[in-house]
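*Asks:* Fit chain B to the known structure of chain A by using the hints.
So you can see what is in the structure, the chains are spelled out below.
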Amino acid sequence: MSSMDLIRSGYIKELLESGKRLESRGIDEFRRIVIKCNTLGNAEGSAQVDVGNTKVLAGVKMVVEEPHSDTPDEGNFIVSAELLPVASAEYDVGPPSPSAIELARVIDRGIRAGNCIDLKSLSIDKESVWSVYVDLYVLNYDGNLFDAGTLAVMSALAHTRIPKFENEEIVHTADDKPLKIENTVVSTTFCKVGDKIILDPNGAEESAMSTRLTIATDGLHIRAMQKGLSGSFSIDEINNLVDLSFSKYEELKKQINATLDK
Amino acid sequence: MSHANKPELIINGKRTDGRDFEELRPLKVEAGILKNAAGSAYLEWGNNKVLAAVYGPREVVPKHLTDSSKAIVKCRYSMAPFSSLSEHGRSGPNRRAMEISKVTKEVFENVIMLNEYPGSEIDIFVEILQGDGGTRSAGITAAAVALAIAGIAIRDLVYAVSAAKIGENMIIDPNMIEDNYSDADMPVAVSPKNNEILLLQMDGGYTKEELKRSFEMVFKAGKTITEIQKESIRKLYEGVSK
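So the protein lines, in turn, are chains A and B.
FYI, in this note's numbering the residues of the first sequence are 1 to 262.
FYI, in this note's numbering the residues of the second sequence are 263 to 504.
Here chain A stands alone, though its shape is the one from the complex (with noise of 0.2 Å):
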């Protein structure tokens, strides 16, 4: 941690120890939230999703594939995320470093336990399925990168389309069918500073957390749960926060839902 770094976590102790944050905001509060659908051509879907100063994109390609051995009669549904070099000054050129890799399959376990695309309907014969990759990109980081993320990958399967597969091959027309979405999940990431908790880390406050906890959700069950950094949280404390997860669901989903009425 630099000597600003030190400085900057003082002052966010401080600050929530006297009941207040950064940017005047309320400790179970998000940022705005922006989400643009379909800003790309090539893609099959695609969504930038800022919160606050935190950029993220999400491009998703259909690939016609063999079947998995143990699931013959399914697609595939495969997410990866990259922190990219213009996103911090932090991050570095090279293999995805273990934070991208948790990054991308906390979102993918969410997505995947929701059940939000039926897999069965991307079977198209008995040797191929479409498979639909879904890439994160990290465009600027400050903070809560899982919930962007999962806004971002929700809102991209949300508004992609399925090309036809005549033969051998793939072919784009005006009238590709939507991918169907059966489910809607969201995440609500919460970090932990001294002993305050907080929804919606930006940079400077993670910077500051001793633990964080990411609660997937689709409004009736926990999806997906992931609890990161070395510090701990007791039992009441989750309890307490999965209250507020589910709490935050419909302004969730309703960001989401927006984008398709367009």
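Where hints are given, some of them may not hold.
Below are the DSS-like pairs computed for lysine-lysine, each with C-alpha atoms no more than 30 Å apart in a straight line [what the hints assert, rightly or not]:
hint, chain 1, residue 1, chain 2, residue 2
1, A, Lys254, B, Lys290
2, A, Lys253, A, Lys177
3, B, Lys297, A, Lys13
4, A, Lys196, B, Lys474
5, B, Lys268, B, Lys325
6, A, Lys177, A, Lys254
7, B, Lys474, A, Lys248
8, A, Lys196, B, Lys455
9, B, Lys364, A, Lys13
10, B, Lys470, A, Lys253
11, B, Lys492, B, Lys482
12, B, Lys455, A, Lys55
13, A, Lys120, B, Lys455
14, B, Lys311, B, Lys325
15, B, Lys336, A, Lys13
16, B, Lys492, B, Lys367
17, A, Lys248, B, Lys364
18, A, Lys61, B, Lys364
19, A, Lys180, A, Lys36
20, A, Lys13, B, Lys455
21, A, Lys120, A, Lys36
22, B, Lys336, B, Lys290
23, A, Lys248, B, Lys325
24, A, Lys180, B, Lys268
25, B, Lys364, A, Lys196
26, B, Lys470, A, Lys196
27, B, Lys470, A, Lys254
28, A, Lys13, B, Lys268
29, B, Lys268, A, Lys120
30, B, Lys297, B, Lys268
31, A, Lys253, B, Lys290
32, A, Lys164, A, Lys61
33, A, Lys126, B, Lys297
34, A, Lys196, B, Lys336
35, A, Lys55, B, Lys367
36, A, Lys196, B, Lys482
37, A, Lys180, B, Lys290
38, B, Lys367, A, Lys196
39, A, Lys196, B, Lys325
Keep in mind the hints are simulated off the structure, nothing from the lab.
*Replies:* Frame of chain A; chain B shown alone:
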């Protein structure tokens, strides 16, 4: 979560291996079996066979990662190519192993008194020799024992175990087949002194009530696991005092 040929996992109130819902698989821990390591443990948990070893505190490699105020922790969780029934595993870390290594490392960063060892590195290695569901929990439970006998200052002897949901039933310590076909699955690592949660991962579908019930089962199982861990350490030193 959608599976074509989902097997019957609960028959007449018993699980596929004859266990009750809250019953752990047999757990055996042997402390200190690798002479070169600062601390080590071999663990059998059901059909899981796991080796954990701790090296250090030692010089940080590469040097630029050195933190002059505290020790850094490195962890590698690895499944042997012959550890799974289905296929020969590819060597080298995959994405799953990298994620498990990361969350395991974070557990031990919590319990090791890092400030006692400034400028040094502590390595934790978890080798899964045979896997049958719950390998990350088995690895953490074994590594905790290895760390305890390595003479490294720790705050607590942590344990880990998974909870799962099968239909409407909450169960503890799912085996591979239960894990594969469960409706929810949640590995948890706990510092038993104050029941603080150090690792929490979950996927599937839990209601709030099911989650609460699952945590209760984890803490109850934890009492048994902690006792077996402690017993393995006692056994190691029994011979020394005689």
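*Asks:* None of the hints should be skipped; say for each whether it holds.
*Replies:* Tested hints:
Restraint check: the Cα-Cα separation between Lys254/A and Lys290/B comes to about 51 Å, which exceeds 30 Å; the hinted pair is violated. Under the criterion of a C-alpha separation no larger than 30 Å, the hint pairing Lys253/A with Lys177/A is consistent with the structure, at around 23 Å. In summary, the hint linking Lys297/B to Lys13/A is not supported, as the alpha carbons are separated by about 45 Å, beyond the 30 Å threshold. For the suggested pair Lys196/A and Lys474/B, the alpha carbons sit about 22 Å apart, so the restraint of at most 30 Å is met.
Restraint check for Lys268/B and Lys325/B: the C-alpha separation of about 51 Å exceeds 30 Å, so the hint is violated. Taking the CA atoms of Lys177/A and Lys254/A, the gap is near 23 Å; set against the 30 Å cutoff, the hint holds. Between Lys474/B and Lys248/A the CA atoms are separated by roughly 20 Å; this keeps the pair inside 30 Å, and the hint holds. The straight-line distance between the Cα atoms of Lys196/A and Lys455/B is roughly 22 Å, inside the 30 Å bound, and the hint therefore holds.
For the hint linking Lys364/B to Lys13/A, the alpha-carbon distance of about 26 Å falls within 30 Å, and the restraint holds. Among the hinted pairs, Lys470/B with Lys253/A is consistent with the structure: their alpha-carbon atoms are about 20 Å apart, no more than 30 Å. With a CA separation close to 16 Å, the supplied pair Lys492/B and Lys482/B stays within the 30 Å bound. Only pairs whose Cα atoms come within 30 Å are accepted, and Lys455/B paired with Lys55/A is rejected, the gap being roughly 41 Å.
For the suggested pair Lys120/A and Lys455/B, the alpha carbons sit about 46 Å apart, so the restraint of at most 30 Å is broken. Proposed proximity of Lys311/B and Lys325/B is contradicted: the alpha carbons are some 34 Å apart, above 30 Å. Using a Cα cut-off of 30 Å, the hinted pair Lys336/B and Lys13/A holds, with the two alpha carbons roughly 28 Å apart. Straight-line distance between C-alpha atoms of Lys492/B and Lys367/B comes to about 22 Å, which keeps the hinted pair within the 30 Å bound.
Distance hint between Lys248/A and Lys364/B is fulfilled; the C-alpha atoms sit about 29 Å from each other, no more than 30 Å. Between Lys61/A and Lys364/B the CA atoms are separated by roughly 29 Å; this keeps the pair inside 30 Å, and the hint holds. The suggested pairing of Lys180/A with Lys36/A holds, with an alpha-carbon distance near 19 Å, which does not exceed 30 Å. Taken as a hint, the Lys13/A and Lys455/B pair is honoured in the structure, with Cα atoms around 26 Å apart against an allowance of 30 Å.
A distance of roughly 29 Å separates the Cα atoms of Lys120/A and Lys36/A; the hinted pair therefore holds under the 30 Å criterion. A threshold of 30 Å between alpha carbons decides the hint, and for Lys336/B with Lys290/B the separation of about 26 Å falls inside it, so the pair holds. Restraint check: the Cα-Cα separation between Lys248/A and Lys325/B comes to about 45 Å, which exceeds 30 Å; the hinted pair is violated. Between Lys180/A and Lys268/B, the direct Cα distance comes to roughly 24 Å. Compliance with the 30 Å bound is thereby established for this hinted pair.
For the suggested pair Lys364/B and Lys196/A, the alpha carbons sit about 24 Å apart, so the restraint of at most 30 Å is met. Pair hint Lys470/B plus Lys196/A holds up; C-alpha atoms about 22 Å apart against a cutoff of 30 Å. Proposed proximity of Lys470/B and Lys254/A is supported: the alpha carbons are some 23 Å apart, at most 30 Å. In summary, the hint linking Lys13/A to Lys268/B is not supported, as the alpha carbons are separated by about 50 Å, beyond the 30 Å threshold.
For a cut-off of 30 Å, the pair hint linking Lys268/B to Lys120/A stands: about 15 Å separates their Cα positions. Proposed proximity of Lys297/B and Lys268/B is contradicted: the alpha carbons are some 45 Å apart, above 30 Å. Proposed proximity of Lys253/A and Lys290/B is contradicted: the alpha carbons are some 47 Å apart, above 30 Å. For the hint linking Lys164/A to Lys61/A, the alpha-carbon distance of about 13 Å falls within 30 Å, and the restraint holds.
About 54 Å separates the Cα atoms of Lys126/A and Lys297/B, which puts this hinted pair outside 30 Å; it is violated. A distance of roughly 28 Å separates the Cα atoms of Lys196/A and Lys336/B; the hinted pair therefore holds under the 30 Å criterion. For the suggested pair Lys55/A and Lys367/B, the alpha carbons sit about 29 Å apart, so the restraint of at most 30 Å is met. Our distance criterion of 30 Å between C-alpha atoms is met by Lys196/A and Lys482/B, whose separation comes to about 28 Å.
For the hint pairing Lys180/A with Lys290/B, the CA-to-CA distance comes to about 48 Å; that exceeds 30 Å, so the pair is violated. As the CA atoms of Lys367/B and Lys196/A are separated by approximately 24 Å, the hinted pair is consistent with the 30 Å bound. With a CA separation close to 35 Å, the supplied pair Lys196/A and Lys325/B exceeds the 30 Å bound.
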